[in-house]
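Trainee: Residue strings, one per chain:
There are 2 protein chains.
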Amino acid sequence: MTPMPTPAAQTDLAAEMRAIGLAARAAGRSLARASRAAKDAALRAAATAIRDHAKTILAANAEDLTFAEGSRLSAAMLDRLRLDPGRIEAMARGLEEIAALADPVGSTIAEWTRPNGLHIARVRVPLGVIGVIYESRPNVTADAGGLCLKAGNAVILRGGSESFHSSGAIVACLHRGLAAAGLDGGAVQRVPTRDRDAVGLLLAMNDLVDIIVPRGGKSLIARVQKESRIPVIAHLEGNCHVYLHASADPAKAVALTVNAKMRRTGVCGAAETLLCDRSVAATLLPPVLAALIAAGCEIRGDAGVQRIESRAKAATPADWDTEYLDAILAVRVVAGLEDAILHIERHGSHHTEAIVAEDRAAAETFLERVDSAIVLHNASTQFADGGEFGMGAEIGISTGRLHARGPVGVEQLTTFKYVVHGDGQVRP
Amino acid sequence: MTPMPTPAAQTDLAAEMRAIGLAARAAGRSLARASRAAKDAALRAAATAIRDHAKTILAANAEDLTFAEGSRLSAAMLDRLRLDPGRIEAMARGLEEIAALADPVGSTIAEWTRPNGLHIARVRVPLGVIGVIYESRPNVTADAGGLCLKAGNAVILRGGSESFHSSGAIVACLHRGLAAAGLDGGAVQRVPTRDRDAVGLLLAMNDLVDIIVPRGGKSLIARVQKESRIPVIAHLEGNCHVYLHASADPAKAVALTVNAKMRRTGVCGAAETLLCDRSVAATLLPPVLAALIAAGCEIRGDAGVQRIESRAKAATPADWDTEYLDAILAVRVVAGLEDAILHIERHGSHHTEAIVAEDRAAAETFLERVDSAIVLHNASTQFADGGEFGMGAEIGISTGRLHARGPVGVEQLTTFKYVVHGDGQVRP
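Protein sequence lines, in the order shown, are assigned to chains A and B. Reminder that position 80 of the first sequence reads as 83 in this note's numbering, one-by-one numbering, no gaps. Reminder that position 13 of the second sequence reads as 16 in this note's numbering, one-by-one numbering, no gaps.
In isolation and in its complexed conformation, chain A is listed as follows (with noise of 0.2 Å):
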């Protein structure tokens, strides 16, 4: 058992972190030259290791389940801090997946041949240190520790307290997969205290740690970005939207957006409001509101949505800017196409969008007009997921506009530099 940090301890801490820095950046510079066959190694036999060990990380994620059962941790919290045989089975496999990616670094983006025979390539390159703040759920520390390794990164990891013992053990498994791939173990530390001073320290690591990547909640976010002299790749939250267009099929409608909405309704993909055109409301919204109430969703409605669903509640202004993560959804009337659009701008998080339409050159004004990472077609918003967009596992979904939005995955990672080939050219 990890005690408690001491007083002796906490004064350390500022050295103990910039200890695990200095190895991490080490560790990344060894490990940007590690071939793929090494790296999909280690992985695999983390993967093994997590198997193997499946029962020493049962009897550690009990012991904070104990904890946190002593604490006022919410029941969503205590679920998603809770693994059993079959999450830490989705562990190991994740770490396989990752592993049978392909590898990023090294790989030409670009190439061209300047007039004076200068060969110019841009190729992928690690992007070098990575910081990964995150909250309740244990499995983060596989996901996050196996893309930072696949993509030739150092990570340190930095889990929520209650999850502490979960994560030593899960690293533990990666130590040994990177051992038995002879990689350096610093490649992967996580902050060995649960003393929060920990984070602030983290953050203003700049000269170690190239970019930080917080995951959890409103506040955490906001401390990383206010606090962070590190770049940071933020994922806010997921204020989404499906909007019927006049032109939409029926059943299409009725599908898409209970999928959107009831499929999981805690993911940042979910839909939190819909909206849908005047013209056809009256038609178009009461299958789709009957088949969500009969899911079991709560519809809080303006008041021409109240006349055609008399169980609809009244929305209030807050509600077209709450993302519920719930059984919830708010349903809007609008003009039609630039009414969506305004309302979306107005209201949305850019982050994913969909609009459910048979006429195409409608569809294709929303996905132009729309500022969202992820916009669609007669699709559904819950498809926003690294997974289902084929790059393999995320580390996020990034709100931000600058190097990565949407899906974090391993390519986005990575950064790049310009290799030139000359044969002895000056610049005039």
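Derived from the structure by calculation, the hints contain no laboratory data. Some hints here could point you the wrong way.
[To be verified] Cβ pair distances, simulated, as ranges: (1) 225(B) / 200(A): 23 to 31 Å; (2) 109(B) / 348(A): 53 to 61 Å; (3) 114(A) / 77(B): 38 to 46 Å; (4) 109(B) / 200(A): 44 to 52 Å.
Note that the Cβ used here is the ideal one computed from N, Cα and C, for glycine as well.
Following the hints, position chain B against chain A.
Mentor: Just chain B now, kept in the frame of chain A:
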């Protein structure tokens, strides 16, 4: 003549900056949908306006020069500030060259179809609103304004107070171009005051500005990186290296080193340190150092260099970390390839480094291992330039690792979104 801010104007500065930001956001939304023809017409009309109003621009510049001569500006700063008919023509031609570049907006970076039939495309879109903060050179007003416009971004320009009137006259020409093409004048705005508080206000408008590009000296960049609540694409120093490998061709060694150091000493791609393998120092260095000295360069060498060239001064440890931007070169004898790579890792700024070598394997090791934005084999470091790379004009060279690394041209001033076409797919 624009008055200096009064206390009353001061009070209104925050409101004025927000008004600029809101106008930029609105203009950015419409510019994102502008056709290539309209944007290029605006750029060409702006070029014509600059030629037509050359006298007005020169008169404004004369006013700035009078103001500057009263202050304590260095001769180099005064030279950067001074416009003449040649520099005005270069600005106009620069805008026409930007018009001739391909439009990055709307181009498909990648596309693929998933097994479930979803078609996914990664499509380039503008970044949004860009804030450019720069120092004395008034031509940055035209270059940055033109590049941002081409990439579909609205721009807020904050030039140095010494170039206040020159920049104003140039912005007026950009506005003539926008008007001639029927585009929103809010797409190019400048901060209409010399008040330095405006910078702080700009850096805090993270809801209205998507990215900040600082161009200038270390203190400006440091202030921006410290204060900004908006992501920054920063150009830090270029402490660039030339490394003469044991296999270097002697003639190339002389030509490349002299060009890398002396072609222009004030550019970021100018070499600041020369490394040479010990095994060939006695034969390779004498002609290289003699040519540099003949060209007016001061040599600061380690003991090995001073033995070879008596005119070399003694280098101090600080020399390895100094970006001279002057006719001074630090020179060091190294044990070999590994030693050279370690020296660059320890002292370099990750900007641009070159190896001179006929041994291809040694060159490849250098290009792979040296972690800089640009690495060159047998070519001058002074090729570190967007124009020389064939990217057209550039707004700067990024030494950061995220989003843009190396020259920042129109493509780097865009982001992307995922456009997904389905025919009713729901996620299982």
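Trainee: Name the hints, by number, that the structure is in violation of.
Mentor: 2
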